[in-house]
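K.L.:
Protein chains in written order, with the working numbering: chain A, 844 to 1024; chain B, 83 to 336.
It is worth saying that the hints were derived from the structure and are not from the lab. Hints are not guaranteed to be accurate.
The calculated lysine-lysine pairs, modelled on DSS-like cross-linking and capped at a C-alpha distance of 27 Å, are [claimed, not checked]: (1) B:Lys93 <-> A:Lys1000; (2) B:Lys93 <-> B:Lys264; (3) B:Lys264 <-> A:Lys853.
This one's a predicted model, so the numbers in the text were calculated from it and none came from an experiment.
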Amino acid sequence: MRLPQGRLRKSRVVTDPREPLAEVLDRTVTGYAVFEAQDSLLLDADGRGVVTFEDGVPVVAYHTGTDRGGPPALADLAVPGPYHVSVFELDAADLDPVHEVEALRVPPGMPAERLAGDPALADSTRRAAPGERPTVPGADGEGDHSAVEAFLEDEDKIAAIREQARQEARQRAAEWGLNDT
Amino acid sequence: MVEVFAVASGKGGTGKTTSTVALGMALAERYDVTVVDADTGMANLLFHAGLSDAETTLHDVLAESAAVEAATYDRFGMTVVPCGTSLDGFRDADPARLREVVATLAADTDVILLDSPPALDSRAAVLPVVMADRAVVVLQPTIPAISDGLKVQEYATSYGTDVAGILFNKVREDGIERVAEKTERYFDGPTLGAVPESERAREARRAGRPLLAHAPGCDAAAAYRRAADSLTVRDGASGDVADRFRSAVIPEPP
Ligand SMILES: Nc1ncnc2c1ncn2[C@@H]1O[C@H](COP(=O)(O)OP(=O)(O)O)[C@@H](O)[C@H]1O
Ligand SMILES: [Mg+2]
């Protein structure tokens, strides 16, 4: 996926992808956001996830590490956090060629619902979506679980998440003076 | 016989309290059930069980200013141990005493459900999961909720607590079966159920009643009953039950 360089609006580290999604919607940004995992422990950490927006509403998703687009790209960019996120503005006309690629498209509410786990934000994103896009859960793939399923199919990533949690649990048990006698 | 379950999830709002009370009511048809609000920092079980004006709560017990019996209430066929919501109550409560409380309750009930805090970031927050025999992990069909649920499982198993199963809640769309099947592969317990998002659940909370009392005929209530039915309560070694919890890991007060 190729996009012209946009105008950098904001760049920072967040613990949760919800924040940039909410902010982009709030400010009706047309452009794209680049998500980069901060945690090198996890796989795909070298790749970057890109989500484009029209008036704050997500249109396509792509991951540079896995070269996948659409809902699986949302799964690829998902990490337990934190993320480095940069938001760029771009004219709608510059986004058009990419937005026409059906395979890259994600339903408007999917990033908020499945990646950020925020149904309320997903609902307001759907309400903000233009009429021609599916806005009702269940309609035209909007409600589908494909991003979650793609995440669950990534056995290596899940193994890494579990291993990281295991180490953290053990380390904290020691700090907290817990032992499993 | 007693088995202690922690109803847990990595974060708030997934429906732990709703699920604790619903599973408790459903299990109460077969067992003597006690539900405890072990989320002592952000207690809200009292609001789900019509106990918002309870005089004595778990806070008082944990502050050693009341006996456990004074904080137990018979409601909806269960024994309910609510927790107070005041900051003072929280400050004076010693979370480590929860072990004693569970040990006392364990002498006289079949099933204890611990409504657990939404985090794993302190001794007090992990204590219910540490003490439980098994955990019921409440999930929503989203990437962060499942990641957090996996984390809960790793903490639980690291502390010797098994996973009784996973319970999807607030399910809004079709196709949860495939998600459940794929999720199950990573969890040590089966999928107990998938509870639909339901206006009845929100109404019940506003009415201060358990979902199974407020709308027993709704789909969500039916899903909770099926989940409870699929939960096989194990016979604990009842003789040394109290000792089991007293000798569990000993966290110090914060
Ligand atoms: N299946 C459901 N459908 C709709 N709303 C629900 C459902 N389960 C829980 N809720 C609502 O979600 C909110 C959070 O639920 P709660 O059980 O308090 O979560 P937690 O204890 O995990 O923080 C409450 O307002 C509750 O009424
Ligand atoms: Mg709760």
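K.L.:
Run every hint past the structure and note whether it holds.
P.N.:
Each hint tested on the structure:
Of the supplied pair hints, the one linking lysine 93 of chain B and lysine 1000 of chain A holds, its CA atoms being roughly 20 Å apart against a limit of 27 Å. At most 27 Å may separate the alpha-carbon atoms for a hinted pair to count; lysine 93 of chain B and lysine 264 of chain B meet this at roughly 21 Å. A distance of roughly 37 Å separates the Cα atoms of lysine 264 of chain B and lysine 853 of chain A; the hinted pair therefore is violated under the 27 Å criterion.
Hint compliance for this structure: hint 3 alone is broken.
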